[in-house]
Amino acid sequence: MSDARNNIDQLIAELAKQGYIASSAIATTLYIAQQLERPILIEGPPGVGKTELANATAAMLNKPMFRLQCYEGLDESKALYDWKYSKQLLYVQVLKEQLQEILDGAEGLSSAVERLHNFDDIFYSERFLEPRPLLKALQSESGAVLLIDEIDKADYEFESLLLEILADFKVTLPEIGTLSAVHKPLVILTSNNTRDLSDALKRRCLHLYIPFPEAKLENQIVQSRVPEVPEALRRQLVNFVHSVRSFDLKKQPAISETIDWARSLLLLHSSSLSKQLVEDTLNVLLKYEEDIAMITPELHSLIKKSDDGR
Amino acid sequence: MDNILLQFIRHLRHHGLPVSTAETLDAMQVTATLGYNDPVLLRDGLASCLAKTVDDNDTFTQCFERFFHLERALDPAAAPNSDVEPSATPNEGLADETSSSGQGGTEASDEGAGQGEGDANSQGQGEAGAQGESSATMPGKGGGGGGQGSQRRAEVVRAAAEAKLEDIQYRTQRGIFRRRILDALGDKQRQIDIQALRDAGNDEQADWLEQIRQAQIGLVIEAINRQLLLNNDAANREIRDDILQNSSLSAMESYHRERLPPLIRKLAKKLAARHRQRHRHARKGKLDLGKTLRRNIAYGGIPFHRFWKTTRKDKSEIFVLCDVSGSVSAWSRVLLLFMQALSDVLPSTRCFVFCGQSIEVTDLFRQYPADQALAIIQQRHGLGGSDYGLALNSFREQISDKLNRRSCVIVLGDGRGNGGDTGIAALRDIYHRARLVLWFNPESHYSWNTGDSEIRRYQSAAHYVAECGSLRKLERLLDGLLSLLR
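In order, the protein sequences belong to chains Y and A. Here the first sequence stands for residues 1 to 310, where the numbers follow my numbering. Here the second sequence stands for residues 1001 to 1486, where the numbers follow my numbering.
Think of the hints as simulated: they come from the structure by calculation, not from any bench. For every residue, glycine included, the Cβ atom is placed at its ideal position computed from N, Cα and C. Check each hint, because a few of them may be wrong.
The calculated lysine to aspartate or glutamate pairs, modelled on DMTMM-like cross-linking and capped at a C-alpha distance of 20 Å, are [stated by the list, open to error]:
| no. | chain 1 | residue 1 | chain 2 | residue 2 |
| --- | --- | --- | --- | --- |
| 1 | Y | Lys287 | Y | Glu257 |
| 2 | A | Lys1286 | Y | Glu228 |
| 3 | A | Lys1270 | Y | Glu159 |
| 4 | A | Lys1269 | Y | Asp196 |
| 5 | A | Lys1402 | A | Glu1360 |
| 6 | A | Lys1269 | A | Asp1055 |
| 7 | A | Lys1269 | A | Asp1242 |
| 8 | A | Lys1269 | Y | Asp155 |
| 9 | A | Lys1266 | Y | Glu141 |
| 10 | Y | Lys170 | Y | Glu72 |
| 11 | Y | Lys63 | Y | Glu52 |
| 12 | Y | Lys153 | Y | Glu72 |
| 13 | Y | Lys184 | Y | Glu141 |
| 14 | Y | Lys17 | Y | Asp152 |
| 15 | A | Lys1269 | Y | Asp75 |
| 16 | A | Lys1270 | Y | Glu37 |
| 17 | A | Lys1309 | Y | Glu72 |
| 18 | Y | Lys250 | A | Glu1360 |
| 19 | A | Lys1266 | Y | Asp199 |
| 20 | Y | Lys78 | Y | Asp152 |
| 21 | A | Lys1309 | Y | Asp75 |
| 22 | A | Lys1270 | Y | Glu141 |
| 23 | Y | Lys275 | Y | Asp308 |
| 24 | A | Lys1286 | Y | Glu76 |
| 25 | A | Lys1188 | A | Asp1199 |
| 26 | A | Lys1286 | Y | Asp75 |
The following label-pair restraints were derived from C-beta to C-beta distances [stated by the list, open to error]:
| no. | chain 1 | residue 1 | chain 2 | residue 2 | range |
| --- | --- | --- | --- | --- | --- |
| 27 | A | Arg1306 | Y | Glu141 | 29 to 35 Å |
| 28 | Y | His183 | A | Arg1294 | 43 to 49 Å |
| 29 | A | Arg1158 | Y | Gln223 | 24 to 30 Å |
| 30 | Y | Ser160 | A | Arg1306 | 18 to 24 Å |
| 31 | A | Lys1164 | Y | Glu157 | 24 to 30 Å |
| 32 | A | Arg1158 | Y | Asn192 | 56 to 62 Å |
| 33 | Y | Thr194 | A | Gly1326 | 36 to 42 Å |
| 34 | A | Arg1158 | Y | Gln34 | 36 to 42 Å |
| 35 | Y | His300 | A | Ala1375 | 51 to 57 Å |
| 36 | Y | Gln276 | A | Gln1378 | 43 to 49 Å |
| 37 | A | Arg1179 | Y | Thr172 | 30 to 36 Å |
Whenever a hint applies, use it, and build me the whole structure from the sequences.
Okay, here's the thing in C-alpha cells:
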C-alpha cells in the first residue's frame, strides 16, 4: 500500500510546481477526494490559502475552474441556472407570425389548441437555459474544478439546494428534468466558520481543516511565493510572524499577510528586520489599530526573539 | 481489518462524534485506498471523512492516538522489547523439544498448548524474516517480531471477540468477561492437563504449562482493562449527563457543577440547531402584482422584471435580569451561559444582574469568554442579599426607553426579598409595556409562597412564572421561548 504514500508525495510535488506548498494532511484529503469522487469542505482562518488550493488544483489538473462566491441572498437563478428571458421574449415576437400560419385553417378553439399541443415546450428547453457556475461545472466536457467559496455566507436554503449536486453530481430542473454531470467535477467548498453548516452538507463532504502553518512550512511558502527575499530575512520574518500569532489579536496575521509583508520588505530593500522598519510596516501585517497598539511595545523583544530563532 | 475500523468508530461515537453510516462507508473506502501501514496517512485520511468540525478534529486526534496506541501495545510488532513472558526465555531447542513432547504428552489437548507453540515458532520465524522490523504498527497487520507472543495475543483477541468483550461497560463486569474469555481459550482443559502432568510426576512440563497459562491470564486482564478504558468512560459520561440534566441545581455538588458549562453548551447547540432553520424564515414575500405590472409596461405587460412584497421583520430585543445573590446564583450562571451560547439564534440580548442595583453585564460577555465573565460578575456584584425593590426600579430606569411591544423580559430569581420592598410597581410597569415578561423561579412549585417569598405578587405582574429547577426544565422553557420569538 506504499503506492498511496507515493501518490500523495507526487501530489505534493505537483502542487508545489503550481506554487502551492501543501502539508501532508492537505494532500491526503485531496488524494482521497479524487479517489472517492467526494467534495471537500475546507475550513480555517481567513488567509491560509483555502481558495488558493482550488486554484492550484485546477492548474495542476489542467481543468477549467468555476467559482461561485456565496453571499446572503444567493439563489438558484444566480448559482445554478436561469432562463434567457430576453431571448424567449424575442422569439415570441418573431414567431408570432409563424403561429398565425400554423393555426391557419384550424376550426374552433379546441382544434387550434390541439395543434399547439403537437409542439414541444420549446421555450423551456436547454437552448433557453442560461447556465450559472454550478451547472457550467456539471456540463463541462473535460471535467472541472468547482469552487464554492465561503459557503457559510450563503443562506440555509442554498445549502439544501447544493445537496443533490454534492451527493450525486446531478441537478433537477423542474421544467426539464434531471441533468447529470458529463464528467464529475472536483468540488471544493470553503468556509470561514462564521456559522455551523448543516449536518446533511457535512456528511456529504470530506472535511479538511487548514490551520496556520508551522514555521518550516510557512518558510517554504514564502520562499516559493517571494523567491527574491534573502534567506536570512525570510527566516527572521517568519519567526517574527509566528511569535506575533501567539498574542491575543483581533485578527491574526495569515499567510497572505506574511507574503505581503515579505514583498513590501523587498521593495524597501531591507536585508534584516530593525525596530524602525517593523514599526513602519506593521500595518501590512496587522489590520486593526488595537492590534498594532498591542504589538508595538513588544517589538524590541519580538525582533530579538526572531533573531534567536534562527 | 474492517472490524478494527468499526471498533474505532464505536470508540469515536462514545466520545460524542456523530459518525453516520454513510461516513462509516466512506471511512472503509478510505482505508481501502490508503492501507493501514502509514499511521499519519491513515489519521489524516480518516479525519477528513469522520471529523467534520474543528472541535471534532481535536477529539478525533485524541481518540486516534489513544485507540491505536493501545492497539499497538497489544500488537506483536511493538512487543518484542517488552516481551517479558517467562516462556520467551527457553530457546528454540528447548521449545521444539517441549512442543514435540507436548504433543505426545497432552495428545488431544488441542491448540491450547503444544500445537499452537510449534506453529507459532515456525510462523513467527518466517514472518519475522519477511517483515523485518517494518514499522507496521497497525494492529492485526503485523505478524513479525516475537512469534509466540503474537500467536498468543492473537488467540486472546479472537477469544475476546467471541466473548463480545467490546460490550463491556462497567468495572464490575470484569470478572464475568475474564471467565468467558478464558473459557473460550480452553483454560479448563489446560488446567486439567496441568493436573494430569503433575499427577504423572512430570513437574517440569507442568510448571512450563502453568507459566504459559499465567501469561495468558495476564494478557486477558490487559485486554479487558484496555477495553474498559475505551468504553467505560463514555457509558459513565452518558449516565452522568442524563442525571445532571434532570437533577436540581441546588442538590448538585460543586464538583458536578464544574462539569455543567460544556453540557450547557451542548444543549444550547442542539436548541440553536433546532431553531435556526425556522429563524431564517423566507425573507422573500409574495409577488407584488401591481408594481410588477406597472414596471413592465415597457415590455408589453410581459412580467420581465418581477417585484416582491418584502415582509419586514421587526427586531425584538430580550432583556435578562438575573439575581446573583447567594441563594440563586448557580441558576443565574446557568441561564447566562445558555443565553451566551444561544446568541446565534436569539435576537439581540441584554443581560443585567443584581443584588442591589441592577447592572448591565452585556459588555463583559463580549470582552471575555463566558467562564471568565461569570467569574468577574460573581466577584464584582455577587455579594449580599437580594433587594428586589432597588433592583427592579433601577432595571426599569435603564430599559424603559428601549421597551416596546416587541421586547421580551426574563427575570430569574426566587422572589425572596427578605421582607423588603418588592418593587412590584416597577415590574408591573414593565409588564404593561413589554410583549412578554417571564419569571423563572428556581424553587420548586411547592415552596412558592412560603416564608418571605413574594412570588404570588410577582405572578400578577408577569405573563408566566415558570419553575426552572433543573437543566432540562430550563432547556424546555428556552425552547418554548425560541419558538415564540421566531
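For this session: Against the earlier hints, flag every one the structure doesn't satisfy and list their numbers going up.
Result: 2, 9, 10, 14, 15, 16, 18, 22, 29, 31, 32, 35, 37
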